[in-house]
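Going down the list, the sequences are from chains A and B. Here the first sequence is numbered in this note's numbering, starting from 214 and rising by one per residue. Here the second sequence is numbered in this note's numbering, starting from 18 and rising by one per residue.
These are calculated hints, taken from the structure and not from any lab test. Mixed in with the good hints there might be a few duds.
[To be verified] Using 25 Å as the maximum straight-line C-alpha spacing, the simulated SDA-like pairs for lysine to any residue come out as follows:
#: 1; chain 1: A; residue 1: K225; chain 2: B; residue 2: P70
#: 2; chain 1: B; residue 1: K23; chain 2: B; residue 2: D152
#: 3; chain 1: A; residue 1: K215; chain 2: A; residue 2: L277
#: 4; chain 1: B; residue 1: K79; chain 2: A; residue 2: D285
#: 5; chain 1: B; residue 1: K154; chain 2: A; residue 2: E273
#: 6; chain 1: B; residue 1: K79; chain 2: A; residue 2: P291
#: 7; chain 1: A; residue 1: K225; chain 2: B; residue 2: G100
#: 8; chain 1: A; residue 1: K225; chain 2: B; residue 2: K144
#: 9; chain 1: B; residue 1: K75; chain 2: A; residue 2: Q272
#: 10; chain 1: B; residue 1: K154; chain 2: B; residue 2: V61
#: 11; chain 1: A; residue 1: K215; chain 2: B; residue 2: E78
#: 12; chain 1: A; residue 1: K215; chain 2: B; residue 2: E67
#: 13; chain 1: A; residue 1: K250; chain 2: A; residue 2: A279
#: 14; chain 1: B; residue 1: K163; chain 2: B; residue 2: V49
#: 15; chain 1: B; residue 1: K75; chain 2: A; residue 2: E286
#: 16; chain 1: B; residue 1: K144; chain 2: B; residue 2: D157
#: 17; chain 1: B; residue 1: K23; chain 2: B; residue 2: T65
#: 18; chain 1: B; residue 1: K23; chain 2: B; residue 2: F48
#: 19; chain 1: B; residue 1: K75; chain 2: A; residue 2: N271
#: 20; chain 1: A; residue 1: K282; chain 2: A; residue 2: E231
#: 21; chain 1: B; residue 1: K144; chain 2: A; residue 2: V266
#: 22; chain 1: B; residue 1: K144; chain 2: A; residue 2: I228
#: 23; chain 1: B; residue 1: K79; chain 2: B; residue 2: P116
#: 24; chain 1: A; residue 1: K250; chain 2: A; residue 2: V265
#: 25; chain 1: B; residue 1: K79; chain 2: A; residue 2: V270
#: 26; chain 1: B; residue 1: K79; chain 2: A; residue 2: A268
#: 27; chain 1: B; residue 1: K75; chain 2: A; residue 2: V275
#: 28; chain 1: A; residue 1: K225; chain 2: B; residue 2: V151
#: 29; chain 1: B; residue 1: K79; chain 2: A; residue 2: E276
#: 30; chain 1: B; residue 1: K75; chain 2: A; residue 2: G229
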Amino acid sequence: MKILYFAWMRGKTGIGEEDVTPPAEVTDVAGLVAWLKTRGPGFEDAFQNMEVVRAAVNQEFVELDAPVKAGDEVAFFPPVTGG
Amino acid sequence: MIRVQKEDFDLGEELRALGAGNHNIGGITSFVGLVRDMAGGEHVGAMTLEHYPGMTEKMLEKIEAEANERWPLEASLIIHRYGRMEPGEQIVLVACASPHREAAFEACHFLIDWLKTRAPFWKLEEKDSGAAWVDAKASDDDAAAKWD
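Chain A extracted, bound-state conformation (with noise of 0.2 Å):
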C-alpha cells in the first residue's frame, strides 16, 4: 500500500511517500490512521486531531469508514486552499 501526505502533515511524518503493509485488521482509512499512529511521535502528531485531516483512497476523496487494501494508493492531507 502506498501512502503519500502532503502539506503540513509531509512535515510532521518526515515523509511525503512511503511503501506500507499494515496487519491484515486493517481493512478501512480509520484502522489505517489508528495503525500508522503507532509508528512514532510524528505519526502521532499528525493525525492527532482528525478534523483537520482529509483523505483520499486511489485519488478519490473519502471518509474514514472506507475501505482499503493491499495496493491501494492512500493520502492524507489537510483541507485543501487552491485558487
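Chain B: place on chain A using the hints.
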C-alpha cells in the same frame, strides 16, 4: 480543457485561443486569482503551492465536466499553477465561453468556488514571522455549498 503547470500564462492569449473560430460563442467570462502581499495583517513575501499530481488533474477534469453538464458552455478552461510565486503573480485562471452571458458568469463562479474546496492544492505562505500553511476557510466551504 485543464492544465496544471509551473509556468505563468498569458491571459490574452488564453482567452483568444478559447473557442477561437466558434461563432456560437456570445461571451467569455474569466476569473484570475493572484498572489496577495498581505495575509492576516502580515506581509507575505512569496507563496508556494503544493499539489497532488495525478489527483489534481483528475479533480479539475471532474469539476470542469460538472460545469459543462450544468450550463450550456461552448468551451471552458482551467489553468492552475503550482510552485513558488511572488505577490502580483497569477495563480489560477478559469474561463467559460457560452452563447449567453448568464451561463458563462455562473459557470465561472461555480468553477472557482469548487476549485477552492475540491482541488488538492495547499498554500504555504512566507510571512515575516516564518513560513505557514494556509488554513482552509469556512467561507470557502459555504461558497461551494451554495451550488449543491
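Practice prompt. Hint by hint, work out which the structure violates, then give me just those numbers in ascending order.
Written response: Hints that this structure does not satisfy do not exist here, as all of them hold.
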